[in-house]
Amino acid sequence: MMTIKSKTEGYPRYAPGTHVSGRDISNKNVTYSWWEPEVQYSWSLGPAYGRFLQELKKGKIIGRSCKKCERVIVPPRMFCEYCYRSTDEWIYLKDTGKVETFSISYLDPNARRIKEPILIGVISIDGASPMHGFMHYFNDMKPEDLKIGMKVKAVWKSEKERTGSITDIKYFKPMNEGDK
Amino acid sequence: MNRVAVIGGGMTLFRRRLLETGKELSFLAAKMAMEDSGIEKKDLDMVVMGSAPDAFDGIHMKGENLLDGAAATNKPYVRLFNGGGTGVFAPIAGWWHVASGVADTVLVVCEEKMSSCFPHPQTAFQHIWDPILDRPLHPNLVWLFAMEMNRYMTMHNIKKEDIALVAVKNKRNAVGHPSAQLPDEKITVEDVLNSEIMAWPVQRLDISPPSDGASALILCSEDRAKQYTDDPIFIDGVGWNIDSTMWTNRDLYFPRYVANAAKMAYKMADIHDPKKEIDFAEPYDPFDYKELHHLEGLLLCDKGEAPILTREGVTQRDGKLPVCPSGGLLGVGNPIAATMGQKVCELYWQLSGKAGKRQIPTDPQVGVGQAWGDIMQMGTVIVMRRG
Chain Z
1 MMTIKSKTEG YPRYAPGTHV SGRDISNKNV TYSWWEPEVQ YSWSLGPAYG
51 RFLQELKKGK IIGRSCKKCE RVIVPPRMFC EYCYRSTDEW IYLKDTGKVE
101 TFSISYLDPN ARRIKEPILI GVISIDGASP MHGFMHYFND MKPEDLKIGM
151 KVKAVWKSEK ERTGSITDIK YFKPMNEGDK
Chain B
1 MNRVAVIGGG MTLFRRRLLE TGKELSFLAA KMAMEDSGIE KKDLDMVVMG
51 SAPDAFDGIH MKGENLLDGA AATNKPYVRL FNGGGTGVFA PIAGWWHVAS
101 GVADTVLVVC EEKMSSCFPH PQTAFQHIWD PILDRPLHPN LVWLFAMEMN
151 RYMTMHNIKK EDIALVAVKN KRNAVGHPSA QLPDEKITVE DVLNSEIMAW
201 PVQRLDISPP SDGASALILC SEDRAKQYTD DPIFIDGVGW NIDSTMWTNR
251 DLYFPRYVAN AAKMAYKMAD IHDPKKEIDF AEPYDPFDYK ELHHLEGLLL
301 CDKGEAPILT REGVTQRDGK LPVCPSGGLL GVGNPIAATM GQKVCELYWQ
351 LSGKAGKRQI PTDPQVGVGQ AWGDIMQMGT VIVMRRG
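Each protein sequence line maps, in turn, to chains Z and B.
Using this note's numbering, read the first sequence as starting at 1 and increasing by one per residue.
Using this note's numbering, read the second sequence as starting at 1 and increasing by one per residue.
Honestly, the hints are just simulated from the structure, not real lab data.
Computed from a predicted structure; not experimentally measured.
There may be inaccurate statements among the hints.
Stated by the list, open to error - A short, non-exhaustive set of chain B residues, derived as facing chain Z with CB atoms under 7 Å:
#1 Asn2
#2 Arg3
#3 Trp143
#4 Asn150
#5 Thr248
Each residue gets a CB set at the ideal place from its N, CA and C atoms; glycine is no exception.
Use the sequences and the hints to build the structure in full.
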């Protein structure tokens, strides 16, 4: 452990604090207290996401329209956050879309390194307003083939496997000629 | 509205892990700011605490946990946070306490202890994602920034080499800053481009580190400031603005909420042409591309122009528009809220000529600081001016 009080000519004149290194921890130079919370949550879906997930279970993507700003919104909500009014109608959308942005991730959720990268991005859904879509995985392609602007299509779990979750779509794949 | 002055600042060491508790770090930073200004606890009318997600510490309502270290016992006290925006939002809240006339002298403390969370602070960041649509995909927070960076690069056809220049500049600027966690006077663009890929296009040296640390500021009314200093620095404009949480329904290439916050702050500070009237900037730089993105959001250059200014050396400490002379988050470290030390304390030290080796040589008179938070949606902006 090191208490550092390096004085400088400017401000801050010194920086108080005691640095604990990885070695201090492995050598047990410092003592810690430990706590593992055990908390579980069950979230209500609400009418908008509830219907959206029910439709995913049926293999369909649904949005909501706002007639005032003329948006077709997905993920759907029961109110338009910009016009601040109730949205108007349910509208079925296609299960195809366009890659608006993406990342090739070598990190798992805990920032641990992984060898096979996860392809992830935002897909704007055909039938919704421009730039309106959601985050999902990509697959059936090489990482270097993934491009912004590329057309993609949903690959669904089988009807039996679907549970009413965003993961009822397994991933998006490159759209081929003949895909509708 | 009363004009609000800054008369003291303080910062602890920034490191991946510090021995001190959050309370103790708050005490060290606050005590330094108080000693710097000549203010004692009895002189403080109110205290503002800024600290980002409770989940890092595993202590809910951590404002209550921290208050003893922030000189707040038996005083009006509030803790607020908006993720990464907190480091500028907390001093904005301090400003409105004084500007409104409710308080004469206010202490603002910002604290973050990210090391408590195991195995990595990223684990706590999972809890900020939408529980219904995002979390089933097991996201990592770096994905968000990678996707924003990619959109920004692609829309403007920006090369990674030009973005890496920001990491190089800021890590070099941090050399000599006593708090700095990752100063590096020898780092090159090649080092950044060859560093490990985390989530493409983000590589390891594109990112600021997780850190423990605290920072503090003393704010007071103009009349009170005259009792303590002949050369007060003033907060002349503040702005904050937030966009929709539905980030997959927005074009991420331009932070319009930062532009809205900047316009609010510039109007208050009577700044009509920020490109000409702002002498230097401390935009939020948790990633190197964010400095560029935020320079554009702060209206200090046109959309897509920030990488060009960087390549031409305009944003170097001795350039025409010095940017992140502190060393920023990339060089000094990123204890979320406590980055008030680089984004606001640094404005105070630069404007009062106290920045030592980091001092901008051109006698700056007006500076802007900015932070960015929540889910790529919050902009917080502060304009400070000499005398």
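Outcome of the hint check:
1. Asn2: Interface hint status for Asn2(B): violated (26 Å vs cutoff 7 Å).
2. Arg3: Violated, about 23 Å.
3. Trp143: holds, 5 Å
4. Asn150: holds, 5 Å
5. Thr248: Thr248(B) check passes; min Cβ-Cβ to chain Z is 5 Å, inside 7 Å.
Taken one by one, the earlier hints fail for this structure at numbers 1 and 2, listed in ascending order.
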